[in-house]
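Colleague: Each chain, written out:
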Amino acid sequence: MRYTLCLVMIGFCLCSVARAAPPQLNSLFPTGVQRGQTVEVTASGSWDTWPVTAWTQRPGLEIVCENDKGKLKITAAANAEPGPVWLRLTNRDGATAAKPFFIGTLPESLEKEPNNDTDKPQVVDASQVINGRLEKRGDIDTFAFKLAKDQMLVAAIEANSTLGSPFDPVLQICSPDGFVLEHIDDARGMDPVLPFAAPAEGTYLVRVFGFPATPDSSIAFGGGDSFIYRLTLTTGPYVDHALPTVLSRDSSTEVRLVGWNLSPERSLVTIAPSEQERAIAFHTEAAGAFVLPYVEYPSLVEQAESAENKPQALPVPGSVTGVIQQPRDEDYYSFTAKKGDAFRFEVAADELGFLLDPTIAVTDASGKSLAEVDDSRRDRDPQLDFTAPADGEYRVGIRDAFGHGGERFVYQLTALPKRPGFQLKVTPDTAIVKAGATVEVTVTIERDKGFDAELEIIATGLPAGVTVEPQKSTKDGASAKSVKLVVKAAADAQSGPFQITAKGADMARPQIARLEGEGTTPAVSHLWLTVAPADAK
Amino acid sequence: MRQSFWIWLFLSILAAPIEAAEPVSFELQVQPILAARGCSIGPCHGKARGQNGFQLSLLGFDSDFDHAALTKNARGRRVSVAAPDTSLMLQKAVGAVPHGGGQRFAVDSPEYKILRDWIASGAPRRLENEPRLVSVTVSPTERMMKPNESHPLVVTAHYSNNTSQDVTGMAMFQSNEPAVVGVNDSGVIQAGPIPGEATIMARYMNVFATCNVVIPLPEPVSDSVYAALPRYNFIDDLVWKKLQILGITPAEPADDAKFLRRAHLDVIGTLPTPDEVRAFLADQAPDKRARLIDRLLERPEYADHWANKWADLLRPNPYRVGIKAVLNYDQWIRDSFRRNKPYDQFVRELLTAQGSTWHNGAATFFRDRRAPDEITSMVSQLFLGIRLECAKCHHHPFEKWGQEDYFGLAAFFARVGHKGTGLSPPISGGEEMIVVAKSGQVKHPLTGEALAPKTLFGEAPAIPEDADPRVALADWLTAPDNQFFAEVAVNRVWADLMGRGLVDPVDDLRATNPPTNAPLLRALADDFRRQKFNWKELIRTITTSYVYGLSSEPNERNLADNRNFSRHYRTRLRAEVLHDAICDVTAIPSRFDAMPSGSRANQIWTHRVNSIFLDTFGRPDRNRDPPCERMETTTVTQALHLMNSTALHDKVTSDEGRAKKLADGSQKPEQIVEELYLRIYGRWPSLEENRVATELFSAAGAQRRQVVEDLMWALINTPEFVFKD
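So the sequence lines, in the order shown, correspond to chains A and B.
If you read the first sequence in the numbering used here, its first letter stands for residue 1, the second for the next number, and so on.
If you read the second sequence in the numbering used here, its first letter stands for residue 1, the second for the next number, and so on.
FYI, nobody ran anything at the bench for these hints, they're computed from the structure.
A quick note: this is a predicted structure, and the numbers were derived from the prediction, not measured.
You may find that some hints are simply not true.
To be verified - Below, a sample of chain A positions facing chain B; criterion: calculated Cβ distance under 10 Å:
hint, residue
1, 183
2, 218
3, 374
4, 376
5, 403
6, 453
Quick reminder that beta carbons are idealized off the backbone N, C-alpha and C, glycines included.
Take these sequences, add in the hints, and give me the full structure.
Modeller: Structural data, given as structure tokens:
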């Protein structure tokens, strides 16, 4: 159904403005830049029209289009916040899907072939981020890094999870004479992260290889143009994640950075409330960063005593971030309810790149189990709907389905009153209109059963010269499920980003539409509107 | 009165025909005839689907089934109470009607009379107050014999009413070494012409007993000879005790060069380098052998060498479970040896594994073996040395295990659950998680009864509610009083290091296949437990014994010994070790698919990595399911491969290789010869060897590089290189 809709929309675009093909961005390489530095970047893809202009989802980057097709010069501001920046390249033919480009605190370098052989590694003489590519089938990239005894090296790969590279990377640390000491396949999704304390002084080898993310029938290591990765190698501080994992919009949040080589004074940051969708937890002296979304309710961190006999109070609505530190640990939270009160509990762990496979259970105050969920459909992160059978205190328990535990066994538990709501979605995430003409954008409203409110669907932040009449979605009729926004471009209208939101009578703030389609990410909620010249074919 | 009736009844079994029909016991008289006359044995009606529509339980372990088969099935034609002599079972047995099994007994035989009387009396299932067969004993249980001597065995059946009777005539006999000690159908054991030992099994129905026979060497050896032998640790004393019983004297100690090469190949799977050989031979310290073992156990090659052996036993086929699961399983095994993980912890982590096969490689065990009964036979064979597979379908013919034992053990795995993506060969690329399910049961295949988890012997710890039953199984397996767990482990390592297991095959521990030195096996197991299941300590204990350092050169009193460790038993190098040795000798490593350059063969993570060399030298087939035990046999193909393989030829003659480098260097011919001997044999050449080899360099038309290559190739093609001595 969604697929059909997508085809219809594409067909619509193609029919209304027949012209050169929209630009297509397959990858950016290198994949990042250090703060305050400039880097030459190759944008692989197809460009009927060059130059292009770049749109970024957050500030921090200056992107200059060079004369050569596919060549960009990207500069990160000295005070830019580290982490991924999603960007689109646009021209008069359209806009590309959004791709991530990283701002980092460490120097960036390029992987250099040949480095396949254990005895001919690429020497890495200081902490840095290596922009690598498994260039062809069978490729192995080997790096040599000198360590003192007990020195902690953090090796982290970003490839499949963030960059969307179509491979499953494997990381090995080998002794100076080439014997494997550590082997790790998956940590954040398919991407490995490995802290390694050197047992003795020496030059250790870091080895990267991978298999196609969709396995084939061979056993060979995979490779190809799109097999790009970022390898952070650092003996300095590294931020893996942050606690809590969400920020309350109401107050400042003290966030604890968790990773390796982080001294206590480097591991606490305070993040102020904001109207932005998300903030980034980082430290200027540490590699790595963690993106936290803002939410409209309190965000707590698990207290030490959230054990079965001393459950921590859980506000509803509210969120708590906890860690299953030890194998077979269980964390408990309490909430009170009146008979008939309905709740929705959501646990996120796998989705956030943590190792926990959460199981959630609700018990009464005596510990009697009332409901338990491990997986929701094929999703490892469960959600549990619960209606209180009587007035009283209840408990929510979180554990790992396999009884495992550790520092990266983090979960984010959200408790909400269960009431019907809706989801707002737009496909595709770009649109094209001729100057002086109109184009329709279809917005889908997925209403939960019992959600009857009237919604106003509005386009916000429109570029100059573009107007859109708000539309109503009512509980009955065709508009209950979808509405068409008519985007009208004046003769002198400009291309640019905009958002689509829905506002109901009793909503504190509007809901922003989620973009759906190939290559979209929750980090980007701005559609791109291309205004083509009126005389375009 | 009643007792005397039974005594009379027993005596009547073998007595002459009696005219009147007397009460006949189905279990105690009829079934023994069916077993003893071969009706209910494996090749005939005892096999799983019977023979020609007529099935009996194997050796009569299931009396109800057999009674029904005779009296109810085939429309009751098999027995005719009204006209007993027309019963099909009698007609067939005497050959009156065509019978694939031929005539089993005659019409005038005691067997015929008993069966006929049983039929005539109404073919009853049981007689009133009938006792049960409880056990069988054989006399004697130990016997020292002289060559060519013979001796009758007596087999006695013992019953639940405390009676017993001689059942020798109805028993079956088998020797595990017929060439040393034979046994005939009447239970007479016959010593052969050569000294040695054998175990004779006597089986009555499905119960058995054993007699161990020893034929020592004729002329006795003075006790002082044994008293004077060195005893480095407990192993030596126990080996000498056994040799003393047999009158065997041990070989001389191996020379230092042999010991060095042997220890290197055994402990880390590599040849010593010429420098290591020179240093070791020059070392005058009396404890240099023990210090060598200490050094080797700290070498990084250790982990890959031993993990490679365990990979054969555990690692499944990637076509079945997917390459990612196999790679991570392989790495879990290797990591365990890198960290010298105690063996009990290794087994516990494996058998209680949970989670994703992509995160916890050990969980792949349960992705591969999915059903409780599939897991059971592998676990009992690997970690107890008990081959239970037979008991899955019928009572084990040489053991006490029945189906209730098999499925009782399987019940520990009843709650192994799977979530995620299951198998989808040949790619099977999905992620699967092993989880402890809330419920699950294993049923007895015949009775359909849900079985509670039950250990094979002893008591398993109680299983708390909601707990993983596998934890209780791991507790029982690794408990100090479970002798099987430690014994099968030390037996494997002993076999690896000494060329033969104390029990052979290494994973078949049973009364009918006794260890050649039971006190030694027990002592090694006890020591392994004392050392907290530390692999390296076990290897150290064995390799620092005096016995380990014996020469393989036989003397006149141990020439025939191939199981009592009076000398070292030579074995062919394992495929990977031999391969890596050739790479080291030629200085040309092989390139393998899906492996970093410079990788050694014993680091390969799946048998799907192609190598004709490894396949030729006995690497298990990629499609074979684990556990795969290797036979380090020698074949003509192997000899031909060493002689003709282009890959090997290319290594020897490579421009990058050692032969060219030696030829290009400034060393004199005799120095090159020395270098080659040190490198390939781990010893200095003899004067004669050096003379012959050096002359090749000065022969007419000789080219230096070619001579070096020829010499290298020739030495590789000798048993001294291919075998561990």
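Colleague: So which of the earlier hints does this model not fit?
Modeller: The structure breaks hints 4, 6; every other hint is satisfied.
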